[in-house]
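Peer 1: In order, the protein sequence lines correspond to chains A and B.
Okay, so the first sequence: first residue is 4 according to my numbering, each after it adds one.
Okay, so the second sequence: first residue is 4 according to my numbering, each after it adds one.
Hints may be right or wrong, so weigh each one.
No distinction is drawn between identical chains; accordingly, a pair holds when it is met within one copy or between any pair of copies.
To be verified - Below, in silico cross-link-like pairs of lysine to any residue (SDA-like), each with a Cα-Cα straight-line distance of 25 Å or less:
id: 1; residue 1: LYS370; residue 2: ARG383
id: 2; residue 1: LYS315; residue 2: THR226
id: 3; residue 1: LYS307; residue 2: ARG233
id: 4; residue 1: LYS36; residue 2: ARG134
id: 5; residue 1: LYS315; residue 2: ARG234
id: 6; residue 1: LYS303; residue 2: PRO136
id: 7; residue 1: LYS315; residue 2: PRO212
id: 8; residue 1: LYS133; residue 2: ARG308
id: 9; residue 1: LYS303; residue 2: THR372
id: 10; residue 1: LYS57; residue 2: ASP6
id: 11; residue 1: LYS19; residue 2: ASP6
id: 12; residue 1: LYS307; residue 2: TRP317
id: 13; residue 1: LYS19; residue 2: SER211
id: 14; residue 1: LYS272; residue 2: TYR358
id: 15; residue 1: LYS299; residue 2: GLU161
To be clear, the hints were calculated from the coordinates, so they are not data collected in a lab.
2 protein chains.
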Amino acid sequence: MHDFVYYTPTRVFFGKNAEENIGRELESFGATKVLVHFGGGSARRSGLLDKVEKQLQDAGLPYAELGGVEPNPKIGKVREGIDFCKKEGVDFILAVGGGSVLDSSKAIALGLEQGGDPWEMFMTGKIPDKRIPIGAVITISAAGSEMSNSCVISNPDEHLKRSLNSDINRPQVAFMNPENTFTVSPYQTACGVVDIMMHTLERYFCDSPTAEPTDSIAEAVLTSTIDAGRRAMADPEDYDARATLMWCSSLSHNNLTGVGRNFWFVCHKLEHDISGWFDNVAHGAGLAVVFPAWAKYEYKNDPKRFARFARKVWGVVNDDDEAAALEGIEKTKSFFRELGMPVTMAELGVTPDWYEKIASYTTDFDKKTIVSYTPLNTERIMEIYRLAE
Amino acid sequence: MHDFVYYTPTRVFFGKNAEENIGRELESFGATKVLVHFGGGSARRSGLLDKVEKQLQDAGLPYAELGGVEPNPKIGKVREGIDFCKKEGVDFILAVGGGSVLDSSKAIALGLEQGGDPWEMFMTGKIPDKRIPIGAVITISAAGSEMSNSCVISNPDEHLKRSLNSDINRPQVAFMNPENTFTVSPYQTACGVVDIMMHTLERYFCDSPTAEPTDSIAEAVLTSTIDAGRRAMADPEDYDARATLMWCSSLSHNNLTGVGRNFWFVCHKLEHDISGWFDNVAHGAGLAVVFPAWAKYEYKNDPKRFARFARKVWGVVNDDDEAAALEGIEKTKSFFRELGMPVTMAELGVTPDWYEKIASYTTDFDKKTIVSYTPLNTERIMEIYRLAE
């Protein structure tokens, strides 16, 4: 087992009345002016924003609203948020939404402290060592940003999507009510299931030695997510299935499923540049295409682990490791298809003439390789794309 | 899934050089005078205390030493610690040891703030809402106190062992080096394995509906602990086995394996009064006797869950739930025996003439029953003891 640091300070209020804790919790952080940060109009239409704001009103906490965060959240909105918070004197950010709103909130909080142009932080990795506190009211089970150290922002002008990973990004508190995800569409539910699985799979597949209980816990999170994903697709108001997805989304990305092992996040890196060029590609959908192709490209370099995945997660019965591994990859791909996810580049709208362009961005025009079982240069990434045809 | 709050703020430094973070971390808490709190002489003999104190010296952090904490830590030592800390002006407690030293540290930190006689806190449950920070250098994998909300103290004059459970008890930071457990004796290693398993089993067996991923994660922690337990008994310097036990001990008691379900901790309650009267009974040894007996007394009230445990954790193949359940209980008892643990009351030195006396203390002379599948009064607890003959 490799050495590790484990730090998950987020206080999670989970359940049917999670929002009722908002006022008291924000007061405990000494909040005097709250930014209620959200995305499109669904949080308003569902009545959730009203419920959240009623909590703030009851606690006598002044707040200002900023909506309009888009999927694959943009640096422009972050800049706008920073200016808005300065003007309003905000000292607590309450994100109401999913990973996009939360990542935008994380970037705003860091940017307020940083002072300069916030995109600089994403290009240099240099970030401040303190920031105002963040809370999260989760409306979709997917990114796990509510407990993660991750913050991913897109810069459409430069066709770049970059992440900042630091413990400072972990939110202080999260209010997680599975009922708030009942209205998530089947397509977005499916994208979320893929995203949750991938946060665990990206940690599960790497060349570190087996580490227990980490590996067995990863398998527990995966089987729970697959089962609950099927149930949530069949009945969007299945509370128990929605609750399982919501908690798995947090555990998949707070690093419980990765401690004691290294990890690469190679599929995320490949996907980020696809959705960097094709903004209509949802993160989960891009991952559903990339993972099975990447796995087919790499499984012979770690047949024992791919076989273990097949046997423990998919119940594959096959004593031959390579054959079992392939069965497991096929079962994963079939499951993604069953969820209604794309599994080919064509289904994402990415034609072969784009391959070299996108892959070149991922490798910075072959100035670097992406760490995987095989170091990935532009040509190898293109081979992976071709396995997704 | 039941509503829950999840809060595990402890920053864990895990691995071969975990202690090297002590100086920097304690400085980050603004510590100016550290209590180095420990048990017997083993921490000194092993060189660990010297290593810890070197870290404090290098960081220029003044410290004072207080050793002598015994297993089943006593309220008298807590009182002594409070007086010592007041005299020395301590503002950070660094526990070097296992659950006993850590629980003593937790009680001292609370008592410093409380002001009165600290046993009052354990009798009334009334505790302060702040305390000085606590760090833990773990030397045995067992109690999981380094991430838990629990603090258990004995009062030998009154033959009582009582616990205080509150988030305020969670340590701020833990330094966990599996190598520091290489010298733990086979007997204490075995006690630890039982204790780790029981912290998960006490959460696993209750009348709540199934909750995923909690239940599957509990099974992952149990299978990992059983496998690593066997390996650590065979080779005390098996780093990977020791690391698995150490991390499982934290995860078993930080509530990861219980969220979304109720739990009773009924075996702990029964065991506490056994070791309250028989101070030579190690906590893990008492639990090894109580659990199989309690399980046999109760399994017919929840055959599906006991059968799931048998199948998932012990690989029992039997379609009949009650028969599978019994097989699982027997396999658990055999494993405890394989570890060299006692599994009968006689092996603990508890003769039948003691049964009524001990059980009466647990039920406060039948003024209350202990919550279990069957509400347990004195007579029923005595029946459980008899199942452990």
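Peer 1: Hint by hint, work out which the structure violates, then give me just those numbers in ascending order.
Peer 2: 6, 8, 15
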